[in-house]
Structures are given as C-alpha cells and as structure tokens.
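Q: Listed below, chain by chain, are the residues.
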Amino acid sequence: MNMVDLTINDKKIIVPAGSTILEAAQSAGILIPTLCYHKHLSPYGGCRLCIVEVEGIPRLVASCTTPVAEGMVVRTDSEQIRRNRKTIVELILSNHPNDCMVCEQNGRCKLQDLAYEFGLKEIRFQGEKSHYEIENRNPMIERDYNKCILCGRCVRMCDEVQGVGAVDFSKRGFQAKIATAYDGVLDCEFCGNCIGACPVGALTGKPSRFKGRSWEARKVRTICNYCGCGCSLILHAKGQDVIRVTQVEDDNCVNQGFMCVKGKFGFEYINHKDRLKTPLIRKNGTFVEASWDEALETVVDNLARIRKEYGNNSIGGLCSAKCTNEENYLFQKFMRTVIGTNNVDHCARY
Amino acid sequence: MTNSISEFEHSNAYFVIGSNMTEAHPIIALRLKRGARYNGAKLVVADPREITLTKYATLWLRHKPGTDAALINGLMHVIIEEGLEDKAFIEDRTENITALKKVLKKYTPAFTEKITGVPQDKIIEAARIIGTEDKVAFFYAMGITQHVMGTENVMDVANLAMLTGNVGRPSTGVNPLRGQSNVQGACDMGGLFNYYPGYQRVDLEENWKKFSESWGCDTLSRDAGLPATAMINAAVEGTIKALYVMGENPMMSDPDIGHTEKGFKNLDFLVVQDIFMTETAAMADVILPATTYAEKDGTFTNSERRVQLLRQVIDPVGKSRVDWKIIMDLSTRMGRPMTYQNTAEIMDEIASVTPIYGGISHERLEKKGLQWPCPDKNHPGTPYLHKDKFSRGKGFFYPVDYHPPAELPDPEYPFLLTTGRMLSHYHTGTMTRRSKGLNEICPEGFMEIHPKDAGSLDIEDGEMVRVSSRRGTITVKAWVTRKVPPQVVYMNFHFAESAANRLTIAALDPMSGIAEAKVCAVRIEKLQLQETAV
Ligand code: SF4
Ligand code: SF4
Ligand code: SF4
Ligand code: FES
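Listed in order, the protein sequences are those of chains A and B. All residue numbers for the first sequence refer to my numbering, where the first residue is 63 and numbers rise by one. All residue numbers for the second sequence refer to my numbering, where the first residue is 239 and numbers rise by one.
Extracted from the complex, chain A is given alone in its bound form (with noise of 0.2 Å):
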C-alpha cells in the first residue's frame, strides 16, 4: 500500500494514500467536528462543518471529501475556522425549530452539541422558517423535516448500505427538502437505519416515543433474537421497560451498527401484557395460577410417574433455537443424564 506522510497540527502523522485529510485526522486521534460525514456513507461535502486549513491553498477545504497528498501541512483548529463553524451552525439553527424540550434527540443531538460548544444562546440571523407537516402515517418513523439539517446522511444510508433508495433530496435552495419519491408517506424496508444516521432529531422511531429520555435509559449491549445473522445492537430500558434499540458504533460485530425492521422495532413483545406471569397448572380443563413450588412438583411427579411406567424412552424433550446455548446444553444434559433418553430435538429444520 501507497503511504502518504502528512503533518496535522504539527503532528507528523503516515496514512494510506487516498485517505482524506479527515481520516487522517481521525487516525491520529485529532477531533474535527462534522455534520454529513459518516463512516460507512460516500463523503458528500454539504455542511462545511469539517472545515481546514492546508498551508498553499487560500481558502478553507472541506477535510471529510479531500484527500491528502504527500508533505501536506494541515491545521484543523484556528480563530479563522471557529468563527465559520460558528457562523455555519448559527445559519442552520436559525432555520431550526426551538423545540429541544421536547425532543426525542434531547441529549444526543449532534447540532444541540455544537450549538453548546460554541455558546450560542442567541442567533444573529433571524430568517424564514420552514413549516412542514410531520408525516407519521407510515408504521415506525415519525419523519419531522422542520429539524432536518439537510445531511443527506438519511438519503446515502438508503441508497448506498440498504440499496433501497426512498427518500432523496427534493426541490432546491430554501426549498430544499428530503422526501419520497411523490412527497408522500413512506413506504419502505422500515430498517430504521436513516433513523441511526440522523444526527438530529428529524427521524424518530415511533414506538420509542415518549417512552424515555436519552439520559434515563439504561443502555446495554446485546445480541438480536430474531435470525440468525446475530447483529450486535443495544437496548435501551428505562425501569423494567425496554423502550429503544439504537446501533452499536464500533466494528466489534458482524452487522457494522446496521439493523432490519425486526431488530431495531421488534422489541415491544418484550413487556408486553400478554407475557405469562405465573405457572399455570391444568385443572379440570382450565389453567389455574400456581406456585413455582407446586407447578415444579407436579412436572416432577407426572415425568417420573411415566418414566417409571413407561420407560425412559416414553419421554421427549425439544429444545428451543430462540434459547441461549447454556439452556439448550442444559436441557440436553436433563434430558440424558434425568430422564435418560436421547430425545431431545428442535425445530432447528423449519
């Protein structure tokens, strides 16, 4: 491989040819703050947040779509800089609804962050707003475009990791909007990964909303339990009720934060009302409410009764696909060792 010596604020810093000066940046540990960037998306170059000086050209370049050349001189942080980025958030929240009270995103909105960062308590610029109607008459996302920063990063996600495409960019300059193919509800894959990519609040899951803060929820990370690609992602309870999935960030997983319709919204069965709460016992053809102690006894009576009448072999057992793998070793090891059979099956066929 072809590398490229560079020097990033005063840090001599060796990277693969071709990378960009934002990824060369990122490899050193150097931060540059960024809006329409994303790791696994095609760089796009739109908000200008990533914004950098390289000594020999005169204007500031965008660091996420430009790439490093041999002996370049980078500087990512000056008084120059900071005041465009200031200027460039300044211009997006002052087209940008006052509503972070109550907003899904609270607390780890990407814009809510630089708007901190940069101690804007007020805006210079006080122009036209957007009014747009929220469109949540499609399942899973509440699609609110009066947040919307204009990112692309929905758009790329849709198109370039799940090669579906429904939403793009629409209209120009003022007018510029994300939307379906016909302006209308959306009707989708439903992976919720654009939600994932939003960095602002414009895309939410609907049966996450209103559930939970950001900052009260739990956040744990686990294993989906629907199919059998075992996707990496983390669930968010608040209490005892698991409220949100979102997409793990790191590469220590087979799914790269990516998500389908099941594991990113299939959670809800988890505290649903219909869970079986208790032991049930069968008496007299109807179930009846029963204590762990005397619905374990009659299990153990009726299989030794039988066992002990029938044979061994009287006995099946089937384990579950959708169990872990110390409760299928377990339950074989009941099966053989207990009752002293080798049946013991799952559907792993069908």
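The reader is advised that the hints may include incorrect statements.
Computed spacing ranges between beta-carbons, pair by pair [what the hints assert, rightly or not]: (1) B:P681 <-> A:S192: 33 to 39 Å; (2) B:P575 <-> A:K281: 33 to 39 Å; (3) A:N146 <-> B:D614: 53 to 59 Å; (4) A:S104 <-> B:S452: 31 to 37 Å; (5) A:Y244 <-> B:D699: 18 to 24 Å; (6) A:S232 <-> B:E604: 42 to 48 Å.
Simulated coverage check for chain A against chain B, where a stretch passes if three residues somewhere in it have a Cβ under 8 Å from a Cβ of chain B [to be verified]: (7) 228 to 239; (8) 357 to 370; (9) 394 to 408.
Hint data in this document are derived by calculation from the structure and do not stem from the laboratory. Here a beta-carbon is modelled for each residue, glycine too, at the ideal position from N, C-alpha and C.
Chain A is already provided as a structure; the job is to place chain B with the ligands on it using the hints.
A: Below, chain B with the ligands without anything else, positioned relative to chain A:
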C-alpha cells in the same frame, strides 16, 4: 456457514438458491447488495418466486419448486462440458469425481430445462459465471432443505462449490443461512437426538463413556433418540407419553399441524416453558413462564459460527424465571443437583466437554465473539472452514440424482403451495405480532396467486378464499401478483388464523427427518356468499 459474513462484500460472484435473504437474513443480504452494486460482483439468484434479491441480480433462474437438484446438476453439467471445473482442486482435495460425472451426464441444458423450466441459455450463462469467477460464495436456506430430498440438495450445493474450487478460501464457501437467532447454537449444544454437544455421536461407545464420566452419570441411554418429527409420530402412536417443550411452538411451525395436534392431544403429560400462551402452550398440563433475551445473559451462536454474549437488561417480568434456572431446579428436584452460579460457569463446562468450544469462555467473548472451531484458550477462532483440508480429509462428491417432491399437483389439488418467511414477522408470530409497528406493516396472512390463475378462478385481489390440501383447510386473503409463477401459490407461516402449516405435508427426507414444508398440492375455491358474511 463455512465462511464469514464480512468476507462476502469481496466475493466475485454469488449463487443464492432457496433463500429469501432480504426478508429472512437482511444483514447478510446487505453485503451481497453492496458487493453486487459497488464491487461488480455477479449475483445469480435461483428462486421460483420473484423475491426482492432478484432486483439486484445479474441473472435470475426461475426454476419450478422442488427441482433444485436438477438445476444444480444442469449447472455442473455445463461447467464440466466447457472445462470450467477447478481441476487442481478436484485432483488434490476431493474424491469420487468419476461417479459424479456419470450422474451428471444426462443433465444436458435441454434435459434440465425440461425439468426445471429454466431456459437453456440462462443455465449456460449461470454455469459460466460460477465456473469462471474467482471467488464464488454459495448460499442456501430452508428453500432447499425442506424437501424430501433436502439433504441431497445440500450435498449438491457442496458438489458445485467443490467442483469449482470455491471452498477453503475467504469470500467463498457453502453458506446455509440459519433462520433463528440460535439454531446454530442449539445444534452445537447437542440439542439433537443423535449428537452429544459438539456433534459427538451418541452411538459411539467412546463418546458414551466420555459423557458418562464427565457428567458423573451411569444411566445415559444407549438407545437411538427420536428426531422431533418422529416424536410427534410416536405420540400419535402412543409410545411417547410425555413431552417437555422449551421455547418452541410446533403447533404453528410443524408441517401438517393437524397431525401434530393429534400427537399432542394423545400425550399423557405436556409441560411447556415459554413467554406467551402459544398454540402449543394452550395444550399443556403445566406452563412454566420463562423470559425473553432482554432478561437473561448467556450466549448465542450465529450463522457464521460466532459465539456472542447476551447481556441482561431488565429483571424477569412477573414471576417468570430464566430458562436455565428452571432446568436446574427441575434437575435438582429429580435427584441430580445442578448448582451453577451463573451462565459463565455453564459455558466453562461446555468448553470442557465440547472440543469445538474448547477455548471459549464468557471472559474471552467480552470484546468480540469467537468463531468455532476454537479448541483452546489461545486459539483465535476460525473465520472460514476447510482451509487446507476437509474434516474427513478429502472432500467427497456425493452424486445426487433428481427425484420429484412427494406430492405434486393433480386434477383434484391442482396448485403447488410453497411457504416461507417475511421481513416484518418472525417464525410463528408470537413475538412480532405483539410488536405494534411490525404487526401494522403486515397484520394478516395472505396467499400470493398469479393473475392468470386468479382470473380463471374468478378471484379478486383481496378476496378471502378457501385453500385445502389432503390434510386441512384454511381461509386466507388472496393477493394477486406476478411474484409467483402460474400454478404456484405462496404463503407465510406466521399467522395462526390462516396457518399455512395446516396444509403442508409431513413427508420426511429419509436422510435428515426434515419434512417437505416447501412443496405440497392444494385446491383453491371461492367462498360462497353466505360464508363471507360470517
Ligand atoms: S427505514 Fe430503511 S428503507 Fe426506510 S427510508 Fe430509512 S433507510 Fe430507507
Ligand atoms: S432527515 Fe436527518 S439524516 Fe436526513 S438529511 Fe435531514 S438531518 Fe440529515
Ligand atoms: S437485526 Fe435483523 S438481520 Fe440482524 S439479527 Fe436481528 S433480525 Fe437478523
Ligand atoms: S462533514 Fe465534511 S462537509 Fe459535512
């Protein structure tokens, strides 16, 4: 899967047969879509239905349901005819090629077209792609296994992969996609009638001894166990008297539910351990409330053999208990105390008796999963199998000859029914149908039928129709679409009100005990006016 998910973005070509990947394994499908769109990989899809993946395909082979082996044989015939096989690989790493060639002889493009319905030029084009591209990855799922010749179909995919030297290298391989989160693990753990954990056969004396010793048990059975389908038969016949069912819903997922129901009714005692009142739980004598994955820790093993950690998020709801604690309690009460403190301790025991899991511990899994075989504590895991040799030494070509499905359409039952999964629902629907948005995407079952057939039966889109097979009858909404070819109808099996498995057949593959859920014959009728009213 012999290979790893992350490798597939770099394959040169894919051959996907009997796998509706975008619906059933969406994240693996993302890699293929990206490979096809950005790396110029060629995607060959063989499926009777116009599945989503066909939109991204270089070539779509629309074969008749149940003719998979004939199609694969046809491809191999052309590959050999044109000299595209990997001669060095065949010479060094395989045996029995002569026998394979003998069987393939008759599968000329013309003969193959006659059986499969795929035009000859497409067969030739596909064979050339598979024969010439460098790294070809093969994928299949239940679309080829749920047939009376399921095992043979699988062998035939392996034949094709070995013939073209696409085994034992990154971005290639024979890759069955696992439908449920831990099917792989349940098999690995010995949740199988013929294997102890780690695919150690129960009928070998040395294994019997090993497990008798490690488990400190001198009453391990020396009798062969029964596969699930045979347990149901035995229940019908009255030789199985009791069943312990943990987290399974055979009353929805089994083919020919009517038969399964008969078996369950005939039981002396049924205990079901589950999270909802499933169709199966409703028949139980005792129900033990268990927990979801959010309420437990432990491990799952995914399709690429990666063992990964689950972590508990919330407490068990109500008085429910985690499954492993329930089993421990039962075992202890029945005279064999189990005293594991946590799931990490159980994994340590698994590692001690299961060579392929030998080096796996929860501690090592903290950062990232490990792919088995992982024989010892320093082993990094195995991203792809059969690198230098096959587990049995040389790869063996098992010649496969096509024979038709057990039940094909006839004048009485003139349509062929095939079944499958859809993206927004999962398995028997117990979980996804209780997730509001998912149920909203698709709240009810439907049957896909071609416009031509709908026309001749005078059926309109959205109309309720009666569908019957020799085993049962259901009513279901018709969806008139060209996704299915004429004479073929398709249903998902997630919906209890229109349970597709009332119709399917339990004809078994003699080699694996899998039932032919993918093909059976049905009759379709318009409902009478008074029936629609009720
Ligand atoms: S949910 Fe998925 S398919 Fe739908 S618009 Fe977002 S990225 Fe595209
Ligand atoms: S909806 Fe979100 S991700 Fe899409 S362009 Fe707007 S801000 Fe960016
Ligand atoms: S998120 Fe989707 S693709 Fe990933 S494991 Fe879950 S069900 Fe499978
Ligand atoms: S992050 Fe570089 S232009 Fe937006």
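Q: Please go over all the hints and tell whether each is borne out by the structure.
A: Structure-based check of each hint:
Here the CB-CB span from B:P681 to A:S192 is close to 34 Å, well matched to the stated 33 to 39 Å. Distance hint for B:P575 and A:K281: a CB-CB separation of about 37 Å, consistent with the stated range 33 to 39 Å. Between A:N146 and B:D614, the C-beta spacing of about 56 Å keeps the proposed range 53 to 59 Å intact. Between A:S104 and B:S452 the beta carbon distance is about 54 Å. The supplied range of 31 to 37 Å is therefore violated.
Evaluation of the 18 to 24 Å hint for A:Y244 and B:D699 yields a pass: the beta carbon distance comes to about 22 Å. Here the CB-CB span from A:S232 to B:E604 is close to 46 Å, well matched to the stated 42 to 48 Å. Coverage of the stretch 228 to 239 of chain A by chain B is violated [criterion: at least 3 residues with CB-CB distance below 8 Å; count 0]. By the rule of at least three residues with a Cβ nearer than 8 Å to a Cβ of chain B, the coverage given for the stretch 357 to 370 of chain A holds, with 10 such residues.
Coverage of the stretch 394 to 408 of chain A by chain B holds. Counting CB-CB distances below 8 Å, 14 residues qualify, and the rule asks for three or more.
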